[in-house]
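A.B. asks: The chain contents come next:
Number of protein chains: 2
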Amino acid sequence: MTEPAAEPTTAAATALAPAPAPAPAPAARRAPGPALRLTGLAESLPSSVPFVGPEAHERARARPFAARIGANESVFGPSPAARAAMAAETADGIWRYADPESHDLRVALAAHHGVGMENVVIGEGIDGLLGLLVRLVTEAGTPIVTSDGAYPTFNYHVAGFGGRLIKVPYAGDHEDPDALIAAARDSGAPLIYFANPDNPMGSWHDAATVQRMIEAVPPGAILCLDEAYAESAPLGTMPPIDPQDARVIRMRTFSKVHGMAGARIGYAIGAAPVIKAFDKVRNHFGINRAGQVGALAALSDPDHVAATVARIIAARTRIAEIAAANGLVALPSAANFVAIDCRADGAFARAVLAGLIARDIFVRMPFVAPQDRCIRVSAGTPADLDAFAAALPGALADARAAC
Amino acid sequence: MTEPAAEPTTAAATALAPAPAPAPAPAARRAPGPALRLTGLAESLPSSVPFVGPEAHERARARPFAARIGANESVFGPSPAARAAMAAETADGIWRYADPESHDLRVALAAHHGVGMENVVIGEGIDGLLGLLVRLVTEAGTPIVTSDGAYPTFNYHVAGFGGRLIKVPYAGDHEDPDALIAAARDSGAPLIYFANPDNPMGSWHDAATVQRMIEAVPPGAILCLDEAYAESAPLGTMPPIDPQDARVIRMRTFSKVHGMAGARIGYAIGAAPVIKAFDKVRNHFGINRAGQVGALAALSDPDHVAATVARIIAARTRIAEIAAANGLVALPSAANFVAIDCRADGAFARAVLAGLIARDIFVRMPFVAPQDRCIRVSAGTPADLDAFAAALPGALADARAAC
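These protein sequence lines map, in sequence, to chains A and B.
Numbered per numbering that gives the first Met the number 0, the first sequence spans residues 0 to 402.
Numbered per numbering that gives the first Met the number 0, the second sequence spans residues 0 to 402.
Do not rely on the hints blindly, as some may be mistaken.
Heads up, the list lumps identical chains together, so a pair's fine if it works in one copy or across two of them.
Computed list of lysine to any residue pairs in SDA-like fashion (alpha-carbon distance at most 25 Å, straight line) [stated by the list, open to error]:
#1 K275 with A319
#2 K166 with A401
#3 K275 with F347
#4 K275 with A139
#5 K166 with A178
#6 K275 with E138
#7 K275 with P331
#8 K166 with L37
#9 K275 with T152
#10 K275 with G161
#11 K275 with F160
#12 K166 with M116
#13 K166 with P79
#14 K275 with H111
#15 K166 with P369
#16 K275 with E42
#17 K166 with D91
#18 K275 with A83
Quick caveat, the hints were computed from the structure, so don't treat them as lab data.
Work out the full structure, taking the sequences as your base and the hints as a guide.
C.D. replies: Written out as structure tokens, the structure is:
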């Protein structure tokens with residue numbers, strides 16, 4: 000490596016006492032073995048990536064994807080206002096650390112949602128905020144409730160802090176509010192994870208059901224209501240936000256309809272004491288400055304959000320048509336993706352998925368039966384979906400031949 | 000709040016059994032009290048920001064700073080290549096999540112440092128990586144060694160995971176390698192934090208001393224060698240990197256001479272098993288995409304680094320001249336800042352600091368005696384340092400009148 004030279008002034012006279020041994024002595028080097036004296040918990044965790052990125056596939060295949068419609072990103076991109084704000088910030092202000100309080104963005108989000116800035120915390124995507132929330136309430140053996148087959152990154156965080164996952168089955172491809180609440184009551188869990196709309200199925204519950212769920216949260220527990228896909232859901236899906244209600248914390252993001260997944264800005268809305276607790280553990284200087292100003296600008300462009308939602312709805316319709324044309328069934332979706340029931344088992348859907356990836360179409364699928372009979376296709380551009388439509392028959396034929 | 004409407008299709012029929020109560024009933028709302036059922040550890044932690052950002056000062060004063068020379072950012076900004084890469088990425092690719100493996104950036108960093116990509120992990124600044132490293136080795140009561148008055152964010156992470164900080168005094172404004180190693184040996188600590196060059200004093204040890212320190216790391220411990228200020232240090236400050244040596248992990252960043260603090264890209268270099276352990280706990284999708292490509296571009300522009308280092312050296316000289324002209328003593332510095340000995344106690348230096356802030360000059364200072372007799376001034380532009388030179392006499396006069 001090359002280190003630029005600075006002026007040659009004197010270093011400290013301090014020296015470690017006995018033998019001067021400037022070059023490492025291989026014989027004396029510690030033998031291979033535990034590289035870090037890990038905690039018992041850390042020792043027990045696998046070194047794994049919860050999701051393999053499309054770039055890893057592309058490197059393995061040595062070929063780019065023709066359509067990137069697997070990670071529920073928004074192919075429709077960010078608002079021009081957000082693009083301009085981010086470009087200006089990277090050209091000029093990026094030498095500065097971001098404001099660790101994210102003051103301006105929190106004020107704008109508070110106004111947008113009709114809450115106070117003390118009700119909003121910014122994180123490196125919802126993923127980062129989920130990790131902090133889990134950390135605040137989880138120690139060895141703490142029961143934490145989620146749905147079997149829901150967001151794997153939440154489970155990753157629970158395992159990472161030594162919690163004990165209590166998984167409730169889906170009911171008819173929907174998360175099951177009654178069962179989630181019952182599991183929290185029975186186990187005494189301090190935290191329940193519930194996504195509405197749901198990922199990976201795209202299903203949703205109406206606001207009244209969700210509000211009744213909030214009302215039913217057992218004392219001592221909090222509902223983590225992941226609303227990453229809020230903007231593409233029908234009106235009447237999200238209950239009103241009550242900033243006084245400490246029974247629920249809501250997660251939102253700029254990664255979906257705002258088209259800024261790469262900018263890593265998520266946020267949580269909750270009662271002030273809940274939000275304040277994040278200051279105990281968060282990486283205060285972890286938010287990037289271009290993302291902060293991009294999110295602020297995105298919030299000022301509701302027309303872009305509306306236009307993106309219209310494109311998502313058109314894409315959902317098109318995906319359903321493609322599915323039907325191939326004898327498959329698209330599930331209703333309130334999100335920016337559609338789960339397609341391949342009408343067989345998980346092995347079959349995995350074969351379809353492999354066939355699509357081999358044909359340069361990046362898609363993903365649910366991990367857990369019986370949801371794993373589906374593949375999950377993100378809302379793409381017309382060209383993305385043309386490519387998907389062209390590839391699907393061959394992928395299905397291969398899967399039928401193999402299974 | 001406004002939620003865009005999507006098409007009105009049916010939500011799930013699932014409903015929580017008994018009473019339909021769509022509006023929250025204030026009487027039934029949980030009484031104020033613990034908002035989250037925090038772990039005992041989380042309960043014990045304060046909700047505080049380790050550093051107050053300059054933006055918070057500006058909001059409190061309702062006036063911007065004339066010179067932002069307190070956070071050891073690089074006022075000289077990023078390479079034009081990095082600016083261009085980031086601007087292009089925010090315009091085009093930012094809708095995509097970043098590659099969770101940061102493959103391209105790690106390959107480039109590995110080549111730059113003469114190691115393998117398995118020896119490099121990327122994080123949201125060194126702050127984020129320090130948190131992960133502490134987490135991997137710390138449980139309740141784990142002793143962790145650092146210097147008294149060294150980087151507060153490291154201490155924040157140790158407290159946040161329940162560790163027990165063992166603080167070793169500075170020796171003559173330098174961190175004390177012998178004492179740090181002895182403290183690790185005596186306490187059985189799994190982790191020793193040591194910054195070279197040091198922040199907040201700007202002092203440094205030569206490579207031979209640091210290498211002897213690495214050789215002396217007790218079995219079962221690892222040295223976290225924070226080299227955030229490596230590039231502005233004299234040749235011969237950093238020992239060669241040995242990617243086989245599991246006794247040391249080295250932290251580097253794009254936040255200092257690369258001028259990209261707001262882009263939040265730090266990295267660690269270490270033995271492959273040490274680096275792999277980060278995959279157990281990191282936020283895999285936490286890195287922003289503009290920062291990734293910006294860092295990659297910055298690495299390809301060593302001329303910008305060299306030019307920035309030249310400007311830093313000129314600024315260090317100028318800061319020393321300003322100090323001397325005011326009867327103060329600038330300490331030798333290998334970093335992009337200079338500690339100025341105000342030649343009195345902490346109360347006096349704090350008064351000088353307050354006087355500078357009141358005069359629109361953002362600077363910071365060490366927290367712990369006797370280092371807190373100093374203020375710490377980052378390498379600024381000539382205009383920044385003109386403003387500092389103009390403000391200092393008044394700040395000193397006020398402090399002398401008050402103390």
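A.B. asks: Pop the pair K275 and E42 into one bin, within, between, both or neither, using alpha-carbon distances up to 25 Å.
C.D. replies: Between copies only: 12 Å across chains, 31 Å inside a chain, cut-off 25 Å.
A.B. asks: My question is about K166 and L37: at a cut-off of 25 Å on alpha-carbon distance, are they close within one copy, between copies, both, or neither?
C.D. replies: between (28 Å within a copy, 21 Å between copies)
A.B. asks: How do K275 and F160 come out at 25 Å by Cα distance, when the copy is not named: within, between, both, or neither?
C.D. replies: both (20 Å within a copy, 18 Å between copies)
A.B. asks: With identical chains, the pair K275 and A319 could be close in the same copy or across copies; at 25 Å between alpha carbons, which is it: within, between, both, or neither?
C.D. replies: The answer is neither: 43 Å in one copy and 42 Å across copies each exceed 25 Å.
A.B. asks: For K275 vs P331, is the C-alpha pair at or below 25 Å within one copy, between two copies, both, or neither?
C.D. replies: Close neither inside one copy (37 Å) nor across copies (40 Å); limit 25 Å.
A.B. asks: Please sort K275 with F347 into within, between, both or neither, judging by C-alpha distance up to 25 Å.
C.D. replies: Neither. Shortest intra-copy (47 Å) and inter-copy (33 Å) distances fail the 25 Å Cα cut-off.
A.B. asks: If the cut is 25 Å between Cα atoms, do K166 and P79 qualify within a copy, between copies, both or neither?
C.D. replies: neither (42 Å within a copy, 50 Å between copies)
A.B. asks: Between the shortest in-copy and the shortest cross-copy C-alpha distance, which are at most 25 Å for K166 and D91: within, between, both, or neither?
C.D. replies: So K166 and D91 fail the 25 Å test inside a copy (48 Å) and across (39 Å) alike.
A.B. asks: From the Cα coordinates, with 25 Å as the cut-off, is the pair K166 and P369 best called within, between, both, or neither?
C.D. replies: Intra 14 Å, inter 55 Å, cutoff 25 Å: intra-copy only.
A.B. asks: At 25 Å max between alpha carbons, let me know whether K275 reaches G161 within a copy, between copies, both or neither.
C.D. replies: Both: 23 Å inside a copy, 19 Å across copies.
A.B. asks: Given a CA cutoff of 25 Å, do K275 and A83 count as a within-copy pair, a between-copy pair, both, or neither?
C.D. replies: neither (32 Å within a copy, 37 Å between copies)
A.B. asks: When no copy is named, should K166 and A401 be tagged within, between, both, or neither for a Cα gap of at most 25 Å?
C.D. replies: neither (32 Å within a copy, 63 Å between copies)
The structure is inconsistent with the numbered hints 1, 2, 3, 7, 12, 13, 17 and 18, although it conforms to all the rest.
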